[in-house]
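**Student:** One letter stands for each residue in the lines below.
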Amino acid sequence: MSDVVFVAAIFVLTAVAALFLVACNKVMGPDEQALAEGGSEELLEFPADRSGAGT
Amino acid sequence: MSWQSWAQIASLFALLAVSTPLLGSYMAKVYGGGPAPGDRVFLPVERFTYRLLRIDPETEQRWTAYAGSVLALTLAGTLLIYVVLRTQHALPGNPDHLANVSPGLSFNTAISFVTNTNWQNYVGESTLSQFSQMFGLVVHQFLSAAVGMALAVAFIRGLVRRRTTTLGNFWVDEVRSTLRILLPISFVFAIVFMGAGVIENFHAARTVPTVAAIGTHSATSPAMQQQIPGGPVASMVPIEMVGDNGGGYFGANLAHPYENPNPVTNLLDAWLAALIPFAFAWTFGKMIGSKRQAAVVLVVMGTLFTLSMFAVTALETNGNVKLASAGVTQTATTTNPGGNLEGKDLRFGAAGSALNAVTMTATSTGGVGSALESYTPLGGGVPLFDMMLGETIPGGTGTGLYGMLIFVLITVFIAGLMVGRTPMYLGKRILASDMTLAAIYILVLPVTVLVLAGISLLLPSAARQISATGPHAITEIVYAYASAAHNNGSAFAGLSGDTQWYNTTLALAMWVGRFFEIIPALALAGSLGRKRTYAVTTGTLRTDTPLFTTLLAGVVIVLVGLTYFPVLALGPLAEQFAGHFGL
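Chains as they are written, first to last, in the numbering used here: chain A, -16 to 38; chain B, 49 to 631.
It should be emphasised that the hints constitute simulated quantities derived from the structure, not laboratory data. Quantities reported herein were computed from a predicted structural model and do not represent experimental measurements. Check before you lean on any hint, since a few could be wrong.
Claimed, not checked - Now the stretches of chain A that chain B is said to cover, found in silico as 3 or more residues with beta-carbon under 8 Å: (1) -9 to 3; (2) 9 to 19.
What the hints assert, rightly or not - Pairwise CB distance ranges (calculated): (3) Gly245/B x Val(-12)/A: 40 to 50 Å; (4) Phe(-6)/A x Ser544/B: 27 to 37 Å; (5) Val(-12)/A x Trp51/B: 54 to 64 Å; (6) Glu15/A x Lys339/B: 32 to 42 Å; (7) Ala372/B x Phe(-6)/A: 49 to 59 Å; (8) Phe(-6)/A x Ser50/B: 47 to 57 Å; (9) Glu15/A x Ala120/B: 23 to 33 Å; (10) Val(-12)/A x Leu139/B: 14 to 24 Å; (11) Glu15/A x Ala65/B: 22 to 32 Å; (12) Phe(-6)/A x Thr383/B: 30 to 40 Å; (13) Ala138/B x Val(-12)/A: 16 to 26 Å; (14) Ala147/B x Glu15/A: 38 to 48 Å; (15) Met466/B x Glu15/A: 27 to 37 Å; (16) Phe(-6)/A x Gly141/B: 21 to 31 Å.
The C-beta atom is built at its ideal place from N, Cα and C for all residues, glycine as well.
With the rest of the complex left out, here is chain B (with noise of 0.2 Å):
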């Protein structure tokens, strides 16, 4: 690994080492029922908010309310994006002139916004228009991650409460997220990315003449002219990234110049992407009062992070195999960043392009700077593992937090098993209908994602979806679904995944993923705050130690590698040995 490889990594390490503290702090107070900062402004607006829904922000609710409220929120905005594709040609915004989106890719595109997963399956600025993308698309990139940190907090309160069946009122939790966390970054990221050269407009796409030729693909098309699109970019990858939606402007997403011009804008995409999921941890800390605690689920996200962002980065630095073999040269020199540079913009090269993948799919962002498909074998199976392990470290907007938490009773109760001690977490008991939820939430998405992509291995018109043979076909066709079940959103590219099977199939998975999640996660935060705390004992399993923490990440990575471990044994592990045997 080179210098700036290593000064990649350490910048976006000191940026989250600065930020977890800092905004965890902060979003403590916001949730926590206290004065918070800026009340002054915020509050007169929350208010006019409630006023206007209708909500009574005093009124607490049951989780199931609180599930409804979600659901609710989350149907309401289906139809809405639904409608606004549907019409978008007769709707303002719409300089360039673009058709009505069909209504199967409506219908995908719809679910992948509300359900914060933002699988793109067409080309942003050919397929949608502006006010599709501001007010149908990046709306719900807010109000979507707000429902991933809302449904943190109730968990959190779960774990927090005692004798209570109430985790505090969805409505409210959503607007605070919104207005006082998710919209003064986005803002205040809005222009640093128009400094930064991410471009914010509202121009149709103006035909230009190029310097030189620029292919003769068809008899014709004027190979001298190319379209220069416009857009409100800049507005939208804030929120793009903080929100952890991924779903980017360009059909290019972050290898569009416009979209992510630089280095610096590179770096700070991923620090973005993975300020909340830290963060949230280190408010988990705040609201229970332990530090302790909120250790071991920062150290245990953090080392499984920091451990795919070395492993992608040395696999991609040092180059490919079959590329060696084809005497491609991947050396570093004065003109030529070196390494694996397949499918890679040279103004990132393999390390700043690792950076933006693992980052992206560590986090349930999904953004894509690079072709993962022309990555080396394991270099493309660590970002689909890192989706694999429920997107926890450090996951989603609020989702990750309550991934990892979920997880944590899971070894809670492991451990007890092994110990013979009564399963407890924070003075609680964890009884086997808490378990029987934790399982479902578990095995719900191996099951989605391994049943769906087998059939579309098996469905010959799938099947020929697929632009690759053998074992990468398998990878490829486990990372789509793995992407949608799991609310990533990323692309290994080489699935053409606008047919109408993808686009029913994969929008199921993403709906699955969404609330067959959401529904188990809420339930058990329900089960725990209606439960009495008990007396530390000396017999009691102590959860804030290193042993604790190793048998936490262990069980994370165990748990996925028995649910998952034949297909990336079929999949990338194949791919790659076969590799290193010249097969």
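Isolated chain A (complex conformation) (with noise of 0.2 Å):
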């Protein structure tokens, strides 16, 4: 097979690459709703480790 074939690959595999960025992008939702979900914003602190809290 000639170098052609071969950049043309190169190029492709990276193409099929972005294409599943763009779907795990879609798997994982807009994140206007992910930033708008409820939660108590609670520093997460790990005090000397002896509570395990954060966990």
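Starting from two chains that each stand alone, build the complex the way the hints lay out.
**Tutor:** Written out as structure tokens, the structure is:
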């Protein structure tokens, strides 16, 4: 096979990875919805690792 | 096991016990954003690099931009290596006047090195020029290792940050990983390796007369001459190891006396390979502010790594049943290190070879110091299983950490289902979309490995390239695709890989293993970074206890066992039992 085929294959593989990135982004869902999720906004601290806090 | 075996293993663990907290703490400062040791030296170089590459270090990236940057760097690197290999005859640094590399092999090698796999379908000293090795390969051994480190840091940021859509700047993480961690370690150890006997020169291969006839394989080849290769090897070995690359200068890799001359360098190689993966677990603890959470990760990584080490060392030092039945002496004497010595270098013996094999496969290094094909069936099966664990015990530079953290998220989810609690890790709720991404991450590799290995066994032209038959052939072919897809790069031996089929499909496996793992992992990090943290209540499942540690180790083994057990049963397990029953 010639250089053209292999160089084209490198671009195709990159394009497929980019499409996969878009698909994973869809799985994640939009940022706005996630950021609007409720929560207590507690600071995450591990005081001297005694309590296992934050877990 | 002999006292030498114990001493080698103890030395490795002692070195790791010292280096893990030291390097891990240093790395936490490098990635922490505040002042870090060496700022006076490194900051001016970093600023110059940013100006040169037009990078704004203050700009943060969403996970998609972060992943896109990784893709862009990889695309540029792949094309660069491909062009260098295809034109090496016309380029400088080719004292042996080696021809251009064929298109298929250039494609395979380019993808192999940008994905940090370093699978080598070629014999380095007789295929690649010194320029190709230094500029084409070594540069990407630094860059691809730094990619893994940057990704791990991005994943930690996703866990630590709250209500943000950014994970840092890939280019900054890449530059800092290379400049402040990989380069200094590689520089120091290049000198150490030169002192220990690894060669560093720019000579062409030299023809020398041998003391005695070395063989009469060909009527035209003089039996009293040998080609002694030269090359810049000592400067390549440290990044080959510390970057968990594994691609060596010579075809024989770590079995070559110019690359791995003695047991001391063999031990240093193992230490360097495991150095950053273990240190990253410590860095994780520092960055999230919890030693106990880091201890969970470290204990699971360390325990499975130790079990593998003892298993292979014991299996190989006890000898091979088939060699015993053939009347081969495998007992240690003053002139014989004992054990199963077929395919192993007498400088290292069975124990040193086992140390090397386990370290190179449990990390994603993939260096090869002995022929795994000649190991006992289970002795060769354990390194295969280590790779199948997703390169997490301790895995690659950074990739091992985020691989294990994804196992942690799965464990939290499973435990949550078992006890009826909302799955939560570090105060963040794990939702269905997170589990979808984690499931993609876990399933992509087994599907790639098993499908491609299955097709290769069915295709007569591909199956002809496998030297063995029966269960051993299954192990050979599964090992090749597992090594490629898990970005390990070690070879089991016995497979003639430089064919159109294997060059193409192994490259495909490497690419899938790299990006179809990186992308869901970064998406997961992005998802975690957007979340708020929730208050801990008495109903929250603790993830820093011995119980959870045990559960995590169980999940890692069971998940991999479920996906790979059938093929392991047909390969190494069937062969081991057949040997025991004299079949």
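**Student:** Are the hints correct? Go through all of them and say.
**Tutor:** Comparing the hints with the structure gives:
1. -9 to 3: holds (count 8)
2. 9 to 19: This one holds; 6 residues, not fewer than the three required, reach chain B with a Cβ under 8 Å.
3. Gly245/B x Val(-12)/A: 40 to 50 Å: Hint holds: Cβ distance 44 Å, inside 40 to 50 Å.
4. Phe(-6)/A x Ser544/B: 27 to 37 Å: holds (29 Å)
5. Val(-12)/A x Trp51/B: 54 to 64 Å: Holds - the Cβ-Cβ distance for Val(-12)/A and Trp51/B, about 57 Å, lies within 54 to 64 Å.
6. Glu15/A x Lys339/B: 32 to 42 Å: holds (36 Å)
7. Ala372/B x Phe(-6)/A: 49 to 59 Å: holds (54 Å)
8. Phe(-6)/A x Ser50/B: 47 to 57 Å: Since Phe(-6)/A and Ser50/B have Cβ atoms about 54 Å apart, the given range 47 to 57 Å holds.
9. Glu15/A x Ala120/B: 23 to 33 Å: Because 27 Å falls inside the window, the suggested range holds.
10. Val(-12)/A x Leu139/B: 14 to 24 Å: Roughly 23 Å apart at Cβ, these two residues keep to the hinted range, so it holds.
11. Glu15/A x Ala65/B: 22 to 32 Å: violated (47 Å)
12. Phe(-6)/A x Thr383/B: 30 to 40 Å: Once the Cβ atoms are compared, 57 Å apart, the range 30 to 40 Å for Thr383/B and Phe(-6)/A is violated.
13. Ala138/B x Val(-12)/A: 16 to 26 Å: holds (22 Å)
14. Ala147/B x Glu15/A: 38 to 48 Å: violated (57 Å)
15. Met466/B x Glu15/A: 27 to 37 Å: For Met466/B and Glu15/A the Cβ distance comes to about 33 Å; the hint holds.
16. Phe(-6)/A x Gly141/B: 21 to 31 Å: Roughly 28 Å apart at Cβ, these two residues keep to the hinted range, so it holds.
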